[in-house]
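Produce the entire structure from the sequences given, and follow the hints as far as they go.
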Amino acid sequence: MPDLGLEVLWKGKNFVRLLGGLWVALRISLIAAGISVVLGILLGVAASRKRSVSSVVLRVWLGIIHIMPQMVLLFLMYFGTTRLFSWNLSGEVAAVIVFSLWGTAEMGDLVRGAVSSIPAIQRESAEALGLKPAQVYRWIILPQAVRRLIPQSINLITRMIKTTSLVTLIGVVEILKVAQQIIEANRKASPNAAFGVYLAIFVMYYLACRPLSLAAKKLEKHWR
Amino acid sequence: MAEAVLSISHLTKRFDDQTILEDLSLEVREGEVVVIVGSSGCGKSTLLRCINALEDIQGGEIRLRGDLISHNRKNLPELRQKIGMVFQNYELFPHLTVLENILLAPVKTQKRSRQNVREEALALLERVGLKEKADSWPRQLSGGQKQRVAIVRALIMHPEILLFDEVTAALDPEMVREVLDVIVNLADQGKTMIIVTHEMSFARAVADRIILLEDRRILEESDPETFFTAPKTEQAKKFLRTFEFNRKNKAEA
Chain A
0 MPDLGLEVLW KGKNFVRLLG GLWVALRISL IAAGISVVLG ILLGVAASRK
50 RSVSSVVLRV WLGIIHIMPQ MVLLFLMYFG TTRLFSWNLS GEVAAVIVFS
100 LWGTAEMGDL VRGAVSSIPA IQRESAEALG LKPAQVYRWI ILPQAVRRLI
150 PQSINLITRM IKTTSLVTLI GVVEILKVAQ QIIEANRKAS PNAAFGVYLA
200 IFVMYYLACR PLSLAAKKLE KHWR
Chain B
0 MAEAVLSISH LTKRFDDQTI LEDLSLEVRE GEVVVIVGSS GCGKSTLLRC
50 INALEDIQGG EIRLRGDLIS HNRKNLPELR QKIGMVFQNY ELFPHLTVLE
100 NILLAPVKTQ KRSRQNVREE ALALLERVGL KEKADSWPRQ LSGGQKQRVA
150 IVRALIMHPE ILLFDEVTAA LDPEMVREVL DVIVNLADQG KTMIIVTHEM
200 SFARAVADRI ILLEDRRILE ESDPETFFTA PKTEQAKKFL RTFEFNRKNK
250 AEA
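Protein chains in written order, with numbering that gives the first Met the number 0: chain A, 0 to 223; chain B, 0 to 252.
In case anyone wonders, no lab produced these hints; they're calculated from the structure. There could be a bad hint or two in this list.
Below, computed lysine-lysine pairings styled on BS3-like, alpha-carbon distance capped at 30 Å [what the hints assert, rightly or not]: (1) A/Lys131 with B/Lys73; (2) A/Lys49 with A/Lys131; (3) B/Lys107 with A/Lys220.
Selected chain A positions facing chain B (in silico; Cβ < 10 Å) [what the hints assert, rightly or not]: (4) Ser115; (5) Pro118; (6) Gly129.
Using N, Cα and C, we set each Cβ at its ideal position, and we do this for glycine too.
As structure tokens, this is what we get:
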């Protein structure tokens with residue numbers, strides 16, 4: 000059996016360092032996901048009204064986000080705006096902003112789609128009962144829309160977690176950066192470390208994303 | 000003569016350039032059951048939807064005990080609480096249980112105590128034969144059961160007037176009866192109602208007054224016996240004949 004380079008993981012604090020890197024990645028994506036869900040719902044509900052200003056804003060915003068590679072957005076935010084407006088952004092904050100811009104647009108579009116897919120007569124029958132517009136959204140439209148949203152929004156969040164691997168390029172020390180450091184440092188002692196370390200990362204990403212999709216399945220079943 | 004609960008005067012409703020209802024006036028008195036009939040597309044359902052301000056209107060006005068029903072008024076939700084509406088396709092909320100469907104509006108809009116409404120809801124469900132379904136989901140019910148729940152959901156608001164929009168049109172024939180029985184029962188209790196239906200024998204049995212809607216207006220208005228035995232206008236005769244013909248056709252098919 001070839002040397003898989005796994006022993007590197009147990010050297011010193013390597014494993015804990017990797018976990019720390021994973022936590023950085025998760026922290027960025029989960030904070031951004033939280034922001035995206037809240038803002039996305041607000042934007043999506045507003046944009047679900049046909050011919051509204053918000054629907055145009057969402058369309059344009061989404062268009063830009065879809066065209067731009069996330070990496071370009073990260074560079075633009077981290078290197079571009081800091082220069083232009085001479086403000087100070089840590090890599091992590093820049094990443095959270097970019098991921099939130101991305102997530103809010105996609106989440107907004109998902110919410111818009113889900114809200115529009117609720118038949119108009121559901122809203123009408125709620126209005127006919129005397130519910131005010133905000134109450135109709137709170138108790139009738141959103142609960143039904145959220146049920147339809149779950150699969151795609153979990154998909155969005157897992158894509159966010161995966162995409163955090165890019166933030167190493169703006170100097171954030173997340174799991175991939177830690178991995179490179181470990182591999183570099185052990186180049187002589189364990190030449191196969193790359194395999195072991197990246198295998199460990201694979202498992203860690205899997206374990207981080209798996210509970211999300213399990214939770215989504217469970218919710219879907221519960222609400223069926 | 001009893002007081003008018005609902006008065007519609009000179010109502011005009013257009014969709015784009017198509018006029019659906021024109022200069023239509025109608026009063027419904029306390030405890031009265033008005034049945035509206037007419038061929039498909041004559042605007043019966045639109046009329047009911049206008050009463051509830053689910054459609055905007057292009058002329059005239061609709062008043063519930065003197066209060067103007069209008070999109071421009073802040074009190075529209077409160078007025079709608081007093082107008083119970085039952086739709087053709089039930090429109091129960093699929094994410095709520097039967098009981099929650101019924102409790103939602105009184106608890107959220109009338110701020111009544113959950114405990115009290117719950118007791119009333121269970122009593123009403125018992126009256127329509129569905130007490131054991133209180134914790135079921137709408138998808139577990141038959142069409143007739145869903146429609147009875149929808150009626151209870153309207154009744155629990157203690158509306159001044161009930162609107163029934165072809166409530167049996169989507170039902171399998173064997174379930175029509177169970178729903179109509181409930182409505183006849185409500186008529187016996189003296190509830191004020193406007194009913195749009197294609198069930199002629201039901202119309203005859205339940206109505207205090209029959210209205211034939213044709214050509215954007217009220218063409219004929221009379222008590223059920225007169226309407227069915229001695230219709231005044233040629234169009235009314237024709238309408239009733241069409242119905243007979245359809246029935247024969249159905250029987251042969």
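Status of the hints after comparison with the structure:
1. A/Lys131 with B/Lys73: Holds. A/Lys131 to B/Lys73 sits at ~10 Å (cutoff 30 Å).
2. A/Lys49 with A/Lys131: Holds - the C-alpha atoms of A/Lys131 and A/Lys49 are around 20 Å apart, at most 30 Å.
3. B/Lys107 with A/Lys220: holds (28 Å)
4. Ser115: Where the cut-off is 10 Å and the nearest Cβ of chain B is about 17 Å from A/Ser115, the hint is violated.
5. Pro118: Holds, about 8 Å.
6. Gly129: Holds - the Cβ of A/Gly129 comes within 10 Å of chain B, reaching about 3 Å at its closest.
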